[in-house]
Amino acid sequence: MTRNVAFGQYYPTGSVIHRLDPRTKLFAGVVFIVCAFLASSYWAYLICYAFLFSVVLLSKIPPLQVLKTVKAVLAIVVVSVLINLFFYDEGTVLFSWWKIKITDGGLLYAGKMVLRIMFLVLSTSMITLTSTPTELTDGLEKIMTPLKYLRFPVHDVAIIMSIALRFIPTLMEETDKIIMAQKARGASFDHGGIVARAKAMLPILIPLFVSAFRRADELALALDARCYNATEARTKMKVLRFTWADLTAFLVLTACLTITALIYAGVIPL
Amino acid sequence: MHIFKKNGIISIMKILNAENVSYAYKSEEGETLAVRNVSLSIEQGEFVVLLGHNGCGKSTLAKLLNGLLLPTEGTVSVYGTPTTDPKKIYEIRSKVGMVFQNPDNQTVASIIEDDIAFGPENLGVNGEEISRRVEEALEAVGMLAYRKGTPFKLSGGQKQRIAIASVLAMHPDVLILDESTAMLDPCGRQEVLDTVRHLNREKNMAVLLITHYMDEALSADRILVMEQGEIVRMGSPKEIFGDINLIKECKLELPISCKIGYALSQNGFLTDTCLTDEELVEAVCRLS
Amino acid sequence: MSIVIKNLSCKYGAKTPFEKLALDGIDLTVREGESVGIIGATGSGKSTLLQHINALIKLQSGSVEVCGIDLTERKPDLKRLRKHIGMLFQYPEYQLFAETVREDVMFGPKNFGMKNEEAEDAARTAIGLVGMDWEEVKERSPLELSGGQKRRVAIAGVLAYKPDILVLDEPTAGLDPAGKKEMLDLITSLRQKTVSTVLTVSHNMDEIAAYCDRVVVLADGKKVFDTTPQELFYRDDLENFRLQKPHVVHIVELLAQKGVVLPHVLTEEALEDALLTYLRERRGK
Numbered sequence: 001m002t003r004n005v006a007f008g009q010y011y012p013t014g015s016v017i018h019r020l021d022p023r024t025k026l027f028a029g030v031v032f033i034v035c036a037f038l039a040s041s042y043w044a045y046l047i048c049y050a051f052l053f054s055v056v057l058l059s060k061i062p063p064l065q066v067l068k069t070v071k072a073v074l075a076i077v078v079v080s081v082l083i084n085l086f087f088y089d090e091g092t093v094l095f096s097w098w099k100i101k102i103t104d105g106g107l108l109y110a111g112k113m114v115l116r117i118m119f120l121v122l123s124t125s126m127i128t129l130t131s132t133p134t135e136l137t138d139g140l141e142k143i144m145t146p147l148k149y150l151r152f153p154v155h156d157v158a159i160i161m162s163i164a165l166r167f168i169p170t171l172m173e174e175t176d177k178i179i180m181a182q183k184a185r186g187a188s189f190d191h192g193g194i195v196a197r198a199k200a201m202l203p204i205l206i207p208l209f210v211s212a213f214r215r216a217d218e219l220a221l222a223l224d225a226r227c228y229n230a231t232e233a234r235t236k237m238k239v240l241r242f243t244w245a246d247l248t249a250f251l252v253l254t255a256c257l258t259i260t261a262l263i264y265a266g267v268i269p270l
Numbered sequence: 001m002h003i004f005k006k007n008g009i010i011s012i013m014k015i016l017n018a019e020n021v022s023y024a025y026k027s028e029e030g031e032t033l034a035v036r037n038v039s040l041s042i043e044q045g046e047f048v049v050l051l052g053h054n055g056c057g058k059s060t061l062a063k064l065l066n067g068l069l070l071p072t073e074g075t076v077s078v079y080g081t082p083t084t085d086p087k088k089i090y091e092i093r094s095k096v097g098m099v100f101q102n103p104d105n106q107t108v109a110s111i112i113e114d115d116i117a118f119g120p121e122n123l124g125v126n127g128e129e130i131s132r133r134v135e136e137a138l139e140a141v142g143m144l145a146y147r148k149g150t151p152f153k154l155s156g157g158q159k160q161r162i163a164i165a166s167v168l169a170m171h172p173d174v175l176i177l178d179e180s181t182a183m184l185d186p187c188g189r190q191e192v193l194d195t196v197r198h199l200n201r202e203k204n205m206a207v208l209l210i211t212h213y214m215d216e217a218l219s220a221d222r223i224l225v226m227e228q229g230e231i232v233r234m235g236s237p238k239e240i241f242g243d244i245n246l247i248k249e250c251k252l253e254l255p256i257s258c259k260i261g262y263a264l265s266q267n268g269f270l271t272d273t274c275l276t277d278e279e280l281v282e283a284v285c286r287l288s
Numbered sequence: 001m002s003i004v005i006k007n008l009s010c011k012y013g014a015k016t017p018f019e020k021l022a023l024d025g026i027d028l029t030v031r032e033g034e035s036v037g038i039i040g041a042t043g044s045g046k047s048t049l050l051q052h053i054n055a056l057i058k059l060q061s062g063s064v065e066v067c068g069i070d071l072t073e074r075k076p077d078l079k080r081l082r083k084h085i086g087m088l089f090q091y092p093e094y095q096l097f098a099e100t101v102r103e104d105v106m107f108g109p110k111n112f113g114m115k116n117e118e119a120e121d122a123a124r125t126a127i128g129l130v131g132m133d134w135e136e137v138k139e140r141s142p143l144e145l146s147g148g149q150k151r152r153v154a155i156a157g158v159l160a161y162k163p164d165i166l167v168l169d170e171p172t173a174g175l176d177p178a179g180k181k182e183m184l185d186l187i188t189s190l191r192q193k194t195v196s197t198v199l200t201v202s203h204n205m206d207e208i209a210a211y212c213d214r215v216v217v218l219a220d221g222k223k224v225f226d227t228t229p230q231e232l233f234y235r236d237d238l239e240n241f242r243l244q245k246p247h248v249v250h251i252v253e254l255l256a257q258k259g260v261v262l263p264h265v266l267t268e269e270a271l272e273d274a275l276l277t278y279l280r281e282r283r284g285k
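Chains as they are written, first to last, in my numbering: chain W, 1 to 270; chain X, 1 to 288; chain L, 1 to 285.
These are calculated hints, taken from the structure and not from any lab test.
Keep in mind that a hint or two might mislead.
Pairs of lysine-lysine, BS3-like flavour, derived with a Cα cap of 27 Å [what the hints assert, rightly or not]:
#: 1; chain 1: X; residue 1: 87; chain 2: W; residue 2: 236
#: 2; chain 1: L; residue 1: 58; chain 2: L; residue 2: 20
#: 3; chain 1: X; residue 1: 238; chain 2: L; residue 2: 245
#: 4; chain 1: L; residue 1: 162; chain 2: L; residue 2: 79
Note that the structure is predicted; figures quoted are calculated from it, not measured.
Could you build the full structure based on these sequences and the hints that come with them?
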């Protein structure tokens, strides 16, 4: 029962994109998300996807590897296509049966929906594929630095995020083991109504929580033993550096954002 | 080596010294004394093994030695500084490195080199130096090739070697392994032991190995035996494993070669204690 | 009450670059009353094999038949299958969840359809079998017991539904010498009293040599040996499969190299006897 944890795993190639400052990549993430929601015409999507495709090429990650990340959200894509297809009723009716009507407008809208979700997933996975969790948390920590003056524990939050990411696969593996152990004792998780099913989850959830707490206890000791919080003047092995490449990326991203916004506002008639 | 000359007397300085240390856990039902009146010291380059059955207080003692717990009575000091000194506690923890039992619960980062860097980053070491230390630490445990990898995919033995490296990056003088081999398969256990012995012999790292595997104690310089919170005996492997009553009382076990050697001596064939398989075989050959 | 496995293969991550053949054409029959050890390096397919016996992973190719239930059928009766098998995973104490020991041990029996009273009787008997006092522990939380006690409760939780075959994955992992000895004694006594058929996966060769009648060796998903412990552990090619020899065998072989030839024994007691006999004979001469 090995699960597919391919979604967003770091894929090192040492490319220009990998070497960008994580802050730049986080900015890119925001731009991508905004673009995905602003893009309203197929032309806008064409621009977005062309941009994304060039980023993929620059990153030297095999495009198929990037495409695979969509697998994790395939169900969401299918459901949203079906919903849009069946319940969008503007335009000429192409096909109708009982209460269901498929219109050309629905078809177009569903197509855009697919493009939008795929773009969201692909672009955000590009960030996680090209940066390590540590880089991303370091980046976030830097961005949040001003909050320090409001006594917000910026560094602790960064560590919490880093540890959470680190323990996801461990806890997933643990869940599989517990499920198997309880199944062997005759437990079944797919019978009965909602209440019965929720109750059937307890033999999984309780051991999982107990184990998570035990791990947290041990980890806390390990953090202390490695001098966590020893000094305010904590250093970093990898110092974040804003380079010319980052500046270029920033300019390109801003341009991309502006164009999409202008298309959205109708200033550029596409 | 830290050698002091005082009034013409040369003494090798102890890294770590515990004097009459006791520790009580407080709970609703009152206090339970987990460590009672323990005194011990560890010197530069020594290999010390602490034996004792589950629940005898080994882990509590380990946590007292680097100030993760503070003694209820007595003092633990590292290079003369007591662990109760809040200003020096991090210096103490960086000198007394500790590796724990569960290989999965000691890594903080998803990338190995980031995990190794965590300690020195906390200590405020500068970036280039950290990078150098990461390389040196991974080299010392033979895991340099995995620098950019993720710890999740490693075997148990490899994960523990990473845990050792992450401690080495703080440049400790003594390494405490708190049952760090207990959850490993025989190959993983061997890997970790080989790594620790290498550090001890080649880098003069003092080691305190806490374990309930008797065979791991055979090559120790000294063995400490713990029972009900007390250190009931301290001696060479020959002395400890030669005392069958002690082993029984403390719910320990003789290594197989010792056990068989003991049976032979009971029947009047041997007089010496045989520690290793080789010693036993040699003794038998001499007899025949 | 036997297990018959024929030509079993299993692939992980099919059609991806990470495709791995976890099991490759395994044939294995375990007859009633046998104690079979399964050994092999980490990643050799032992766990995958165990999971197939209890239908915890989907059968891909080959056939598995357990106590007359054929897993190649379209809808095999999984409840009935799992009731036949008492499966204990590594560190089984981590599966305890109920508020009291009583409820936890009754979980299995109730899942397999026993009524409350019947389940409680079964739980009481099982707790007795693992050497604990029912009255003393029944209302206690499993979480506040010691490590060794927790493992006993977990074993009781499996024994309570009266399985016919016991499957153990590293039963002594993480225990101290005293705990290990207790566990081995417990398994031996269970074999005599309740469940005669036992399948054990272990890295500890001393343990396998001590109580298994037969040993199966897996390497890269293939079965490479299926023989008696005597035969297996005195082979000279075990290192090729990244397997260590039991300590006793190591000593006997060292002695043989020096000209002291003893019978091929496996346990400490047997080695002790063999050595004493040998030395006495020598002295007699």
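Quick rundown of the hints versus the structure:
Between residue 87/X and residue 236/W the CA atoms are separated by roughly 22 Å; this keeps the pair inside 27 Å, and the hint holds. Between the alpha carbons of residue 58/L and residue 20/L the distance comes to roughly 16 Å, so the proposed pair stays at or under 27 Å and holds. Pair hint residue 238/X plus residue 245/L holds up; C-alpha atoms about 25 Å apart against a cutoff of 27 Å. For the proposed pair residue 162/L and residue 79/L, the alpha carbon gap of about 13 Å is at most 27 Å, so the pair holds.
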